[in-house]
Amino acid sequence: MFKRLIAERTGKSPWLFHINAGSCNGCDIELVSVLTPRYDAERLGFKLAGSPRHADIVVVTGPVTKQSLPRVLRAISQVPEPRCIVTMGSCPQSGNVFRGSYSIAGPLSKYVPVDVDVAGCAPKPEAIIDGLTLAAKILKEKRGRMN
Amino acid sequence: MTIVIDALQYLGYVLIFPGFLFCFLAGMLLCGIDRKLVAKMQKRVGPPILQPFYDFFKLCGKETIIPAAAERNTFMLSPLVGLAALVVIQLFIPVFGFTAFSGIGDIIVILYLLLVPALAMILGGAASGSPYAGVGLSREMVTIISCELPLVLVLLAVAKTVGGAIGTGLCFSLSQIAEYQEVNGSLITKISMLPAAAAMLLLIPGETGSHPFDAAEAETEICEGLLAEYSGAPLGVFKLSHAVKMLSLTSLFVALFLGGLGTGILALDAVLLFLLCALITAASISFVHAFTARLKIEQIFKYYWTVVSLLAAVSLALAWYGL
Numbered sequence: 069m070f071k072r073l074i075a076e077r078t079g080k081s082p083w084l085f086h087i088n089a090g091s092c093n094g095c096d097i098e099l100v101s102v103l104t105p106r107y108d109a110e111r112l113g114f115k116l117a118g119s120p121r122h123a124d125i126v127v128v129t130g131p132v133t134k135q136s137l138p139r140v141l142r143a144i145s146q147v148p149e150p151r152c153i154v155t156m157g158s159c160p161q162s163g164n165v166f167r168g169s170y171s172i173a174g175p176l177s178k179y180v181p182v183d184v185d186v187a188g189c190a191p192k193p194e195a196i197i198d199g200l201t202l203a204a205k206i207l208k209e210k211r212g213r214m215n
Numbered sequence: 005m006t007i008v009i010d011a012l013q014y015l016g017y018v019l020i021f022p023g024f025l026f027c028f029l030a031g032m033l034l035c036g037i038d039r040k041l042v043a044k045m046q047k048r049v050g051p052p053i054l055q056p057f058y059d060f061f062k063l064c065g066k067e068t069i070i071p072a073a074a075e076r077n078t079f080m081l082s083p084l085v086g087l088a089a090l091v092v093i094q095l096f097i098p099v100f101g102f103t104a105f106s107g108i109g110d111i112i113v114i115l116y117l118l119l120v121p122a123l124a125m126i127l128g129g130a131a132s133g134s135p136y137a138g139v140g141l142s143r144e145m146v147t148i149i150s151c152e153l154p155l156v157l158v159l160l161a162v163a164k165t166v167g168g169a170i171g172t173g174l175c176f177s178l179s180q181i182a183e184y185q186e187v188n189g190s191l192i193t194k195i196s197m198l199p200a201a202a203a204m205l206l207l208i209p210g211e212t213g214s215h216p217f218d219a220a221e222a223e224t225e226i227c228e229g230l231l232a233e234y235s236g237a238p239l240g241v242f243k244l245s246h247a248v249k250m251l252s253l254t255s256l257f258v259a260l261f262l263g264g265l266g267t268g269i270l271a272l273d274a275v276l277l278f279l280l281c282a283l284i285t286a287a288s289i290s291f292v293h294a295f296t297a298r299l300k301i302e303q304i305f306k307y308y309w310t311v312v313s314l315l316a317a318v319s320l321a322l323a324w325y326g327l
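First to last, the protein sequences are chains A and B.
So in the numbering used here, the last spot in the first sequence is 215, and the numbers never skip.
So in the numbering used here, the last spot in the second sequence is 327, and the numbers never skip.
With the rest of the complex left out, here is chain B (with noise of 0.2 Å):
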């Protein structure tokens, strides 16, 4: 008895908490915030707020067109696994007190899932047998490494703050890092981890692929590259994987950076963990995307492993001495 409620219990965790149905929502809402601002900072009205959900809905209407060199199981299913690795990342992420499924190792977890999405386009993208898809292919490829090196070196400062702290050297348990925040206060009020709260600001663009890091998809000079092919359904899920992106990525910053005591209530933590990650989507993604041109891949790749990287060396640095 006990199995099924158990059972149960997961199946409402994947499909309508921290997963599936919270993770379409809150991100196609951020996904909205996100283009509202922009417009606002260039002096338009902008899009309604509920647009990316009307942009899903009719993509879901479209016909789907498969290319004739397109390898077909591969450049149908991959935009499905790139979602499901999303969702899932969202389950280990901790929503204040609350985590759904929680372990020793979340983190390296995470950092392994975050790579999926990516690699899903790269293989959709490469099925589909389209020259613009290629060069995207490899455009999307040299941001993933550019921003691996920061990401890693973000994670381990913080890994090795709180380790440190609980006397365990190295802590990779997200659960274990947001216990920690509710005795101690958020990690962004120590002096050490400013800069590495600083480098995962900077790195969610790029991760997320948003404006001057686009290079991947510029749709005026490769025709939005790996996505040059989609049509219909499979084109509003990469869509919406790219608001769940934006999801995971902040949320995770508030799980790092912001955790805190919370509400105590799930719903109200929830919904105050929506507030900050649509804040950091406002200084982080929509700030930058409105004053900036797309930047080269080289540059790119450059502005990762030099500015970013070393303030997230400093930062574990500082943290590596105890300060």
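So that you can see chain A by itself, here it is in the shape it has in the complex (with noise of 0.2 Å):
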């Protein structure tokens, strides 16, 4: 009964972690409008959390420059299973305006396994909402497997 309790639960109470990989800003705004009275994303469970140990989504936001690369990679390995890995924005996913520069590592695909890719530049409160909730659904999948 308690592994139960603890499978359907975990899909509701998922909390964030948001690493900076070089982004330009404007997608940090955006995600922080998400918790804002005009959209409170609070309502569906998620929260900001400080450290990379108490949080089960990393969303990333950036091209992934050389230099941020291993911080991204062991900021993610902190995090406890079962974790989801969302990329936010288009730097992330292709490297957007930045792609091909000297000092870009990304895509961030190439380095671990991403489950939901939200883009836009920068993406819409209502379009980063509905990627959450997806990477909420996975979190639940990833939970019930590890049984």
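The set of hints was computed from the structure by calculation and includes no laboratory data.
Note that the structure is predicted; figures quoted are calculated from it, not measured.
Check the hints yourself; a few may be wrong.
What the hints assert, rightly or not - Heads up, simulated EDC-like pairs for lysine to aspartate or glutamate below, C-alpha to C-alpha not over 16 Å straight-line:
#1 B/Lys-243 / B/Glu-225
#2 A/Lys-80 / A/Asp-198
#3 A/Lys-208 / B/Glu-67
#4 A/Lys-71 / B/Glu-67
#5 A/Lys-80 / A/Glu-98
#6 B/Lys-40 / A/Glu-149
#7 A/Lys-210 / B/Glu-67
Bring the two chains, given one by one in their own frames, into a single complex with the hints.
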């Protein structure tokens, strides 16, 4: 019974950890706007965690610069299982306008399995919430597979 | 035979009614009500009231990472020590007429036990070997010291008022305080007790480490400080301790200032106690949380040792001269 309780609840309380991998700050502001009174993602249980150890979903913004890549990978590996990785904005997916630059190591999917991509420059808050709820569903499935 | 029945009764106290199960359910519900109220005050929809339960069960299902630099046993056991101390406090706090354990020095025991959860957090944080926990640790210690002086003054003021009335000098027994209030009405109706009640209301957010006084767990600057390295079930137990601490402090407030006849039926009394606790949480934690920003640690210290201590000292002086 306890196991079922855990499995059922995992999708209902996804905590986010936000990593800025060389982002222009546009996506970061949009992510914060999701938590404001207008969109209020906390009604779905989303909460920004201060430490990667507390998080379930890692949100990566920015084109993953060469300088930030080792830090991003280290922060992601500190998130306990089950975890989901969400890329936000076009940059971590394709490199966006920075594609081909000497300082870019991305896309992120070359290094870690990415669960959800939210495209846009910057994505609309509605799109972000949609992507995050999808990630929460995947999180629940991953937890179910752990048993 | 009577020993067996007594033992079973005490086991029931510890595990079910004022003890573990009640603490778990009531504490988590209080926490949920607090989050919902804060959201409503900020014009948000807010999480469901059962959200703390979801968080707790989710954390139980997560992987627990023990850092390589951590002292393993201390790291894993300190959350349990903190929670156990809080459950014991709840056993000493009377539910109107009913007390699970009563003695002549309950208040002093509670004063000591209230330190244990904070000390457990400090121990666990120190054992995790994280520099963020180091910063959080020093801040948590300062917060404890700031809260201690006004708390002692409030408790002395209550002890003197009740002790003076029943002629024992100082009365440190919560069950006697409850009996006194059953006969003479709640202590909050006395003018001399009003500043002490106000001081206690201001103390509750500091003791629980909730919003303006959460410098020790500042998630935006020091990654939640003492909890930075915790994950999975131990983190869940710390979150549970935080919720139960809200229940302990608010029910201590009810026992000290809002005691009275109750309804005479234990189950109804428990519900009444919970409703009063929720009311006090709303007034002293949620309301303050919704419109304040985090204070710096030296501001917390100064605030408690001047404004709040002064309020409590006024009450103590009034009680001393029998007003």
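Checked hints:
The hinted pair formed by B/Lys-243 and B/Glu-225 fails the criterion: a straight-line CA distance of about 19 Å is larger than 16 Å. For the proposed pair A/Lys-80 and A/Asp-198, the alpha carbon gap of about 14 Å is at most 16 Å, so the pair holds. Between A/Lys-208 and B/Glu-67, the direct Cα distance comes to roughly 14 Å. Compliance with the 16 Å bound is thereby established for this hinted pair. Distance check on the hinted pair: A/Lys-71 and B/Glu-67 sit about 14 Å apart at the alpha-carbon level, within 16 Å; holds.
Taking the CA atoms of A/Lys-80 and A/Glu-98, the gap is about 22 Å. The hint is violated against a cut of 16 Å. Our distance criterion of 16 Å between C-alpha atoms is broken by B/Lys-40 and A/Glu-149, whose separation comes to about 29 Å. Taking the CA atoms of A/Lys-210 and B/Glu-67, the gap is about 12 Å. The hint holds against a cut of 16 Å.
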